[in-house]
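Peer 1: In order, the protein sequences belong to chains A and B. The first sequence runs contiguously to residue 117 in my numbering. The second sequence runs contiguously to residue 277 in my numbering.
Simulated from the structure, these hints should not be mistaken for lab results. One should not assume that every hint holds.
Stated by the list, open to error - Here are a few chain A residues that face chain B, going by a calculated C-beta distance under 8 angstroms: (1) P5; (2) N9; (3) D81; (4) F82; (5) I85.
What the hints assert, rightly or not - With a cut-off of at most 30 angstroms between alpha-carbon atoms, the simulated BS3-like pairs for lysine-lysine come out as follows: (6) B:K107 <-> A:K39; (7) A:K66 <-> B:K131; (8) B:K131 <-> A:K47.
Said to hold, decoys possible - Examples of chain B residues lying across from chain A (beta carbon under 8 angstroms, computed): (9) E33; (10) A70; (11) G84; (12) A110; (13) R132; (14) L200; (15) G253.
Backbone N, C-alpha and C fix where the C-beta goes; we use that ideal spot for every residue, glycine too.
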Amino acid sequence: MKQEPIIINVQNIINSQFCIDAEDGQKIYEMVHKALDEKKYVILSFKDIKLLITAFLNTAIGQLYKDFSSDEIETYLSKIDFDPIFIPTWEKVVNGAPIYYSNPKKFESDISEIMED
Amino acid sequence: MNNLPIIQNNYIGFNNLIDLYTNNKNTYFENIEINIRNFFAANMSAPLGVVLDKLTSNINSINIHVSEKAKDILQRNCFLSNYGYEIKYDKNDTTIPYTRFSRNESKNFADYVYNKLLSHNSMPNLSEGLKRKVLEVICELFSNASLHSKTSYIYACGQYYPNLNQFDFTIADMGIGIRENVSAFMGKDIDSIKAIQWALVDGNTTKKSVPGGYGLGILKNLITYNNGFMQIVSDDGFYEFNNNRETYKNFMGKFPGTVVNLQFRTNDFASYSLTNE
């Protein structure tokens, strides 16, 4: 039987409606990481969040891709109360992070390309 | 006496601020006199604040002499209150006050942008969603400065031009600059322009072990849809994105930090859809 998901209220955890700081993202990351480690289902509630930027989200969610596959993250992590305006930011992070962790050499070659221009 | 030439939102305006810095950066224990008699774009108070704080850190005092016209706007936007002048009530309600933030004041900064900039009367047509998109891109800049620059303060200032349907907003820091940051990351010296080019590539970040590097791309995208412009000044590098055209130039001197200068059109957000990235 599938366990009841755990709801993490982002605003409560970071004590703000503004998801800006990487430090705040780290708090969310550590909670979600622990839950995924234990194979627990987690729902992030973005209720009343007015601002979400990539610096926060890369730390909160992007970092998960270092230790978990996209499939695992999609299976165990979901979100609610998510303002549609944040969708591009979310997608940028969840699409970019797996590439970042799976292919660090690519970033080195990007550097080389600019250097050789 | 340092006579400040015309300061507009362009390469020459920044070059004039860099000259002011270069001419005084080796001065210690002096009274530095600055004469502002020409046009001064109010939002450029942010990079001027960086230059003057840098000179003050050499244990100099700054005396500003200012024409009545320039004094009016620079008192209304609170810049001159740091240099012995009174704050003047902004009866035109067109200024976004010159403010210095500590690196850990991101939430105060977001409040400032939302309440002073985006909730202004000059933006009646801006939907709540679009206001938050602009807030997002500007806060990405604050985050970049806070995370990467090692600056003491982050400086912000803006100005509305209701008749032109535009506002200018500038964020500046006195940190290590993009060139030094990217060079340290790569382990070799690169020039400012190559460093700015690299920083503009989506997904390029100097953060170790955490992905990132999307902020400038999101900003550029919004600027494209809005027909505004963005400029980046860092060290001796200048970048401008305007009318879908990118310009890179070098300065002879160096700006002691990084500036991102933005111009948005307040009557041209209709073309921007929230689904656009």
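Peer 1: Indicate, hint by hint, whether the structure satisfies it.
Peer 2: Structure-based check of all given hints:
1. At its closest, the beta carbon of A:P5 sits 26 angstroms from a beta carbon of chain B; the interface hint therefore is violated under the 8 angstroms criterion.
2. The restraint placing A:N9 at the interface with chain B is violated, with a minimum CB-CB distance near 18 angstroms, outside the 8 angstroms limit.
3. For A:D81, the interface hint is violated, since its Cβ never comes within 8 angstroms of a Cβ in chain B; the closest pair sits about 15 angstroms apart.
4. Checking A:F82 against chain B: minimum C-beta separation of about 13 angstroms lies over 8 angstroms; hint violated.
5. Because the closest C-beta pair between A:I85 and chain B is about 5 angstroms apart, less than 8 angstroms, the hint holds.
6. Restraint check for B:K107 and A:K39: not satisfied, since their Cα atoms lie roughly 33 angstroms apart, outside the 30 angstroms limit.
7. As the CA atoms of A:K66 and B:K131 are separated by approximately 33 angstroms, the hinted pair breaks the 30 angstroms bound.
8. This hinted pair checks out: B:K131 and A:K47 have alpha carbons roughly 19 angstroms apart, not beyond 30 angstroms.
9. Because the closest C-beta pair between B:E33 and chain A is about 40 angstroms apart, greater than 8 angstroms, the hint is violated.
10. About 34 angstroms separates the beta-carbon of B:A70 from the nearest beta-carbon of chain A, more than 8 angstroms, and the hint is not met.
11. The beta carbon of B:G84 comes no nearer than 34 angstroms to any beta carbon in chain A, farther than 8 angstroms, and the hint placing it at the interface is violated.
12. Annotation: interface hint on B:A110 holds; nearest CB of chain A at approximately 5 angstroms, less than 8 angstroms.
13. Hint on B:R132 holds. Least Cβ distance to chain A is approximately 6 angstroms, under the 8 angstroms limit.
14. The beta carbon of B:L200 comes no nearer than 10 angstroms to any beta carbon in chain A, farther than 8 angstroms, and the hint placing it at the interface is violated.
15. Evaluation of the B:G253 hint against chain A yields a violated restraint, the C-beta minimum of about 24 angstroms exceeding 8 angstroms.
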